[in-house]
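Taken in order, these protein sequences are the chains called A and C.
Under the numbering used here, read the first sequence as residues 1 to 110, first letter to last.
Under the numbering used here, read the second sequence as residues 1 to 320, first letter to last.
Bear in mind the hints are in silico, worked out from the structure with no lab data behind them.
Note that the coordinates shown come from a computational prediction; the quantities given were computed from them, not determined experimentally.
Among the clues, some could well be false.
These stretches of chain A come out as covered by chain C in the derived footprint (C-beta under 8 Å, 3 or more residues) [what the hints assert, rightly or not]: (1) 11-23; (2) 55-64; (3) 67-73.
Calculated Cβ distances over 12 Å to all of chain A for the following chain C residues [to be verified]: (4) 61; (5) 147; (6) 181; (7) 201; (8) 211; (9) 240; (10) 269; (11) 311.
Positions of the beta carbon are idealized from the N, C-alpha and C atoms, including for glycine.
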Amino acid sequence: MIMNPDLHCTFFDEDCRYSLRELCNVCNVHAQFIQDLIDEGILSPQGQHPHEWRFRAVEIKRIQISIRLQKDLRINLPGTALALDLLDEIAQLRQSKSRLEQLYSLEEDT
Amino acid sequence: MEFKDYYTTLGIDRNATQDEVKRAYRKLARKYHPDINKDGDAEKRFKEIGEAYEVLQDTEKRAAYDKFGKDWQAGQDFNPPPDWDNGFEFHGGGYTETDASQFSDFFESLFGAQNRAERQGPFGGSHAGYSGKGQDLHAKIVISLEDSYRGSKQSLTLQRPTVDESGHVTTKPHTLQVTIPKGITEGQQIRLSGQGAAGMGQGPAGDLFLEVAFAKHPHFTPDNRDIMLTLPIAPWEAALGATVPVPTLGGTVELKIPPASQTGKKLRLKGRGLSSAKATGDQYVTLAIMVPKPVTEKDKELYKSMKSSMSFNPRSHLGV
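Using the sequences and the hints given, assemble the complete structure.
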């Protein structure tokens with residue numbers, strides 16, 4: 001068992017905003033790849049120009065999922081954008097479903 | 001070591017054509033991709049499918065694998081006979097883009113582990129001179145809502161790929177102690193610098209990304225920082241108003257129900273959700289009126305007297 005006391009943890013907090021440079025470093029991608037994802041509507045940073053762009057933590061995850069989907073399933077960018085939108089929708093539907101199930105389970109209990 | 005039936009994994013016959021192999025793989029890869037399929041064992045299945053495809057998509061590897069014939073069953077104890085691969089050429093090459101470090105011992109005993117230097121990220125800056133940052137690894141960490149509400153320390157054990165002296169990739173268990181800050185939300189990521197795969201050449205190690213997931217709670221459902229609870233109440237509590245006890249992640253609190261409340265009414269308990277140092281989460285209580293079953297004659301009388309003394313048509317908005 002290896003314990004590392006000097007573990008360097010970074011929390012990607014939804015309250016923080018990240019610059020293009022930080023995003024490239026975190027995800028190990030080129031700026032052009034980020035630009036492509038923005039053009040496809042996968043990422044939507046605040047700010048007009050690349051040096052002003054600020055990204056949310058959730059966009060780090062969108063980049064990582066995009067990389068994996070492209071690599072593992074050979075999905076192109078428009079397909080990736082569609083998959084991400086559908087995944088978001090599924091997550092929302094799952095959440096409403098679990099709330100409704102909670103309500104209906106009450107009726108079954110009584 | 002267990003024998004693996006790659007044909008069963010892909011759900012195809014032993015005499016399937018190369019096109020059928022490809023089609024079966026692509027269909028299953030889409031179905032079990034861990035970013036798409038949220039089942040707990042999706043990642044494991046995805047790796048098994050990738051391993052099976054790695055062997056069966058390559059006619060040389062497939063021919064070698066087929067030498068074992070139909071005598072072997074999945075799960076059977078297996079050791080490859082010496083020199084079984086005579087006459088086949090595939091050592092040290094021919095890997096697809098799948099992550100070979102995740103393949104099973106069975107695969108490695110047959111085809112050897114992938115040479116470290118061949119691996120390079122398709123998007124990373126690790127191309128020139130076989131020296132570069134190691135691969136980033138991704139894992140899930142499942143915690144309870146209470147762990148997030150209070151903040152906690154978690155230890156997790158990961159199977160981590162390492163490279164031995166001969167350049168073979170093997171996995172070793174590796175335990176990490178991670179501090180979970182108060183108010184962490186589902187899907188949030190924690191990066192542990194340098195805890196990913198070892199670097200190539202002089203390159204630094206990659207990072208480990210942990211994604212937070214919540215274990216299912218019997219009562220509460222999280223919605224980002226907020227906590228949702230469906231609270232059953234009695235008809236008289238809904239009609240007349242009442243102060244009732246409500247469970248929260250921080251313990252029981254009193255909630256005031258206004259008179260004439262209906263099922264579905266949402267009440268907020270401020271600051272009772274997953275609050276972090278910077279942001280506040282609330283608990284939302286959705287009321288659900290439970291109708292008591294009339295058991296005794298007296299119960300029935302009560303309902304009957306309500307019926308006769310109250311003019312109430314719950315269907316008036318339907319025009320009936």
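Contradicted hints - numbers only: Hints 6, 8 not satisfied by this model.
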